[in-house]
Amino acid sequence: MDLKNLYRDVIVDHNRSPRNFRQIEPPRREADGFNPLCGDKLHVYLRVSDDRIEDAAFEGSGCAISVASASMMTEFLKGKTEAEALDLFERMHELLTGEEADLNELASLGKLAALSGVRQYPSRVKCASLCWHTMKSALSGGDAVSTE
Amino acid sequence: MSANPEDVLKAGLNIESIRADFPILHQEVNGRMLAYLDNAASAQRPRQVIDAVSYYDSNDHANVHRGVHTLSQRATDAFEGARAKLRRFINAGSDKEIIWTRGTTEAINLVAQSWGRTHLGEGDEVLITWLEHHANIVPWQIVCEQTGARLVVTPMDDSGQIRLDEFERLLGPNTRMVALGHVSNALGTVNPVRDVIAMAKARGVPVLLDGAQAVPHMAVDVQDLDCDFYAFSGHKMFGPTGIGVLYGRESMLAEMPPWQGGGDMILAVSFDGTVYNELPWKFEAGTPNIAGAVGLGAAVDYLDGIGMSNIANREASLLAHATRVLEEVPGLRIIGTAPGKAAVISFILEGIHPHDIGTIVDHEGIAVRTGHHCAMPVMEYFGVPATARASFAFYNTEEEADRLAEALLKVREMFA
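Those sequence lines, one after another, are chains B and D. Under my numbering, the first residue of the first sequence is numbered 1, with each subsequent residue one higher. Under my numbering, the first residue of the second sequence is numbered 1, with each subsequent residue one higher.
Please note that a few of the clues may not be correct.
Unchecked claim - One-sided excerpt, in silico: chain D residues whose CB lies under 7 Å from chain B: (1) H355; (2) H363; (3) G365; (4) P385.
Hints in this document: simulated from the structure, not taken from any laboratory. All C-beta atoms, glycine included, are put in the ideal place defined by N, C-alpha and C.
Turn these sequences into a full structure, and let the hints steer you where they fit.
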């Protein structure tokens, strides 16, 4: 296995300079996510108006995979409807844990497709999925989630 | 073997022949020879231990203390023989003071429940330290909740040593128990247990030592230490998992009630009442991990064969070497810099999460632990969510430490 398949340039870049790494002022939806195994903590903020995610942001600390995943997620979510966001949650789950995705699916995920290498590292899947679980929780009311 | 004698004989030990005893070390991981530097989590087993367990399973197994038949007698002899080995290994006064448990965690829970529930009440205090493993925090929290007692925590300093002056101050008229690690699993600090025990004794307060990280690395003499309880695990000392020991001073154990009820811990049972068995069996309800005890006995024989002082010397020189080469890695900060340390190096790399370090060095065949090491208060003290931890055993080599340092340079490159 080539490490570069896990730590692709876009992941290293988003880890070094996370996008939307900030709060969103109320009114907002938010949730906490923890990965007790490695100490990762994320807080995801969403502003939803007329069923559309107008803004997405996050704060917290974590490994390169979890920070990059959260950073790319916030970029991707802006402008999506709630249903589209939940659909994206399912597709990311499939990308991280399922069979190898086909090229069309990878293309439609854009930058997020860079996370497909995580599948080969079972101990790191939770790092990549933490922000997605947290986002889903924020959409549905905001209970803290844990990937343990 | 044509190896350079200087490389072979380290601190009086023939490292090459010792390594030959550990089958698991001779494999490639991700295309590189395995460098197993996660011994504080679980140590590897020599073939002497593997063979002893296999021989017992193949020839002698039956239930212990039960039957008149030959196998039951052999199993009982092997099981009780192992207890005697453990007693000698830590120099307990009597086999009655060696209680088999599943490990350190169960041993501490046994004391917290059996001793704690009968001796703790409203306003009483259990004094621990900031350095403890969760296994020496949570059992006390539970019994404090049950009894109304209070958990008091001795602070530590920036080098990862407990503050003895604070300990002395916190050791008050309400302190009923002192519980602390002999060696910190997260940082490697060797705690000043003699001073702690002397202070506690002066006030008549019993002391429990969590010895999980000490017993594999140094000679431990419980009578010389004068502690009341000493808990440790088989798998950290090159024995099997699921077996461990609680040493308890006989006078303490004798007046403690059983913790779990069942077979083997009784002399007579009727519906009007039960007569409990004698020590040590009073605390050993149910069929024990017989093969595990046999394997742990073999581990003790193995360690005795090498000599604990040789092991301590060997690991001290490994620690010195590893500390030196890791300190040369730019941006690396060692967490835990006490002058007295076991061969454990907890560290962080500036701007790089320990989890990423763990994955990348694994690609080089190097096993290190990353995370909070079941010591979240320690991580909180140093303001880090996690560390990477390299922990050495006598079978590790300087070359493995060098490989770790090189791999860490690659980690930095990847995130540069």
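Original post:
Is the interface hint for H355 of chain D satisfied, with its Cβ closer than 7 Å to some Cβ of chain B?
Top reply: With a minimum Cβ separation of about 4 Å from chain B (threshold 7 Å), the hint on H355 of chain D holds.
**OP:** So, G365 of chain D near chain B? Judge it on the closest CB pair being under 7 Å.
**Re:** violated, 13 Å
**OP:** Report holds or violated for the interface hint on P385 of chain D, using the least CB-CB distance to chain B and a cut-off of 7 Å.
**Re:** Given a least distance of 3 Å, the restraint on P385 of chain D holds.
**OP:** With chain B as the partner, please determine if H363 of chain D meets the hint condition of a C-beta pair closer than 7 Å.
**Re:** Status holds, d = 5 Å.
Violated hint for the displayed structure: number 3, the only one.
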